[in-house]
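My numbering applies: residue 5 is where the sequence shown begins, and numbers increase by one.
In case anyone wonders, no lab produced these hints; they're calculated from the structure.
The structure displayed is predicted, hence computed values, not measured ones.
Just so it is clear, CB atoms sit at the ideal spot from N, CA and C, and this is done for glycine as well.
A few of these clues could be false.
Stated by the list, open to error - Across the chosen pairs, the derived CB separations fall in these ranges:
| # | residue 1 | residue 2 | range |
| --- | --- | --- | --- |
| 1 | Glu-59 | His-17 | 37 to 47 Å |
| 2 | Glu-30 | Ser-171 | 37 to 47 Å |
| 3 | Val-153 | Ala-132 | 37 to 47 Å |
| 4 | Ala-132 | Glu-59 | 18 to 28 Å |
| 5 | Glu-66 | Gln-91 | 47 to 57 Å |
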Amino acid sequence: AAVVEVVDVLTHHAAHEDRAIQPSIERHLPSLAARIVVDHEALETRMAHFVSLAEIAVEALEPERRIAVHRLYAELATFTSAYLAHQDYEDRVIMPALEAAVGLDATMAIHVDIVMSIAPDVMARFLAIMIPAMNLDDRSELLGGMRAVAPPEVFEGVWGLTTTILSPADLAPLAARLAIASQ
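Turn these sequences into a full structure, and let the hints guide you.
In structure tokens, the structure reads:
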């Protein structure tokens, strides 16, 4: 179930990029656009493969289960390496080149378009994975930014989610930075 959840989040992420960013990349950076398409297809193929490996591991009996889990672990590790290399390429090459081509305002408009197009239930699933993985500075920036621009009920919902996914030791300094009384 955890593998399927991560694959679903990553698939949503790629679909949002393909819809909102890829047309601009194709128009302004055609020499870079093809690599993104190829990378996304390769990563999606690998995700389907490790979902299959997870299903095999769940259904296997001992001692085959141990072998199946190890295969899944190895595939997840190598996938993570490939995925992070892809993210690095997007962050260090694609996005700076796109910003240079279309400007900061247009780049930020794409980002806002992506965020606004994510359904609330999907966003909650994304945040449930993202927030615990962030450091205090990034959590403060994310939630402080939401608090500044989102309707109060949206921020209250995200804060409520945050209180259920962070430990008290992680929640207290975040609440202090955001000047929110701890529950």
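Consistency of the hints with the structure:
no.	hint	in the structure
1	Glu-59 - His-17: 37 to 47 Å	22 Å, violated
2	Glu-30 - Ser-171: 37 to 47 Å	44 Å, holds
3	Val-153 - Ala-132: 37 to 47 Å	21 Å, violated
4	Ala-132 - Glu-59: 18 to 28 Å	23 Å, holds
5	Glu-66 - Gln-91: 47 to 57 Å	36 Å, violated
The earlier numbered hints that this structure contradicts are 1, 3 and 5.
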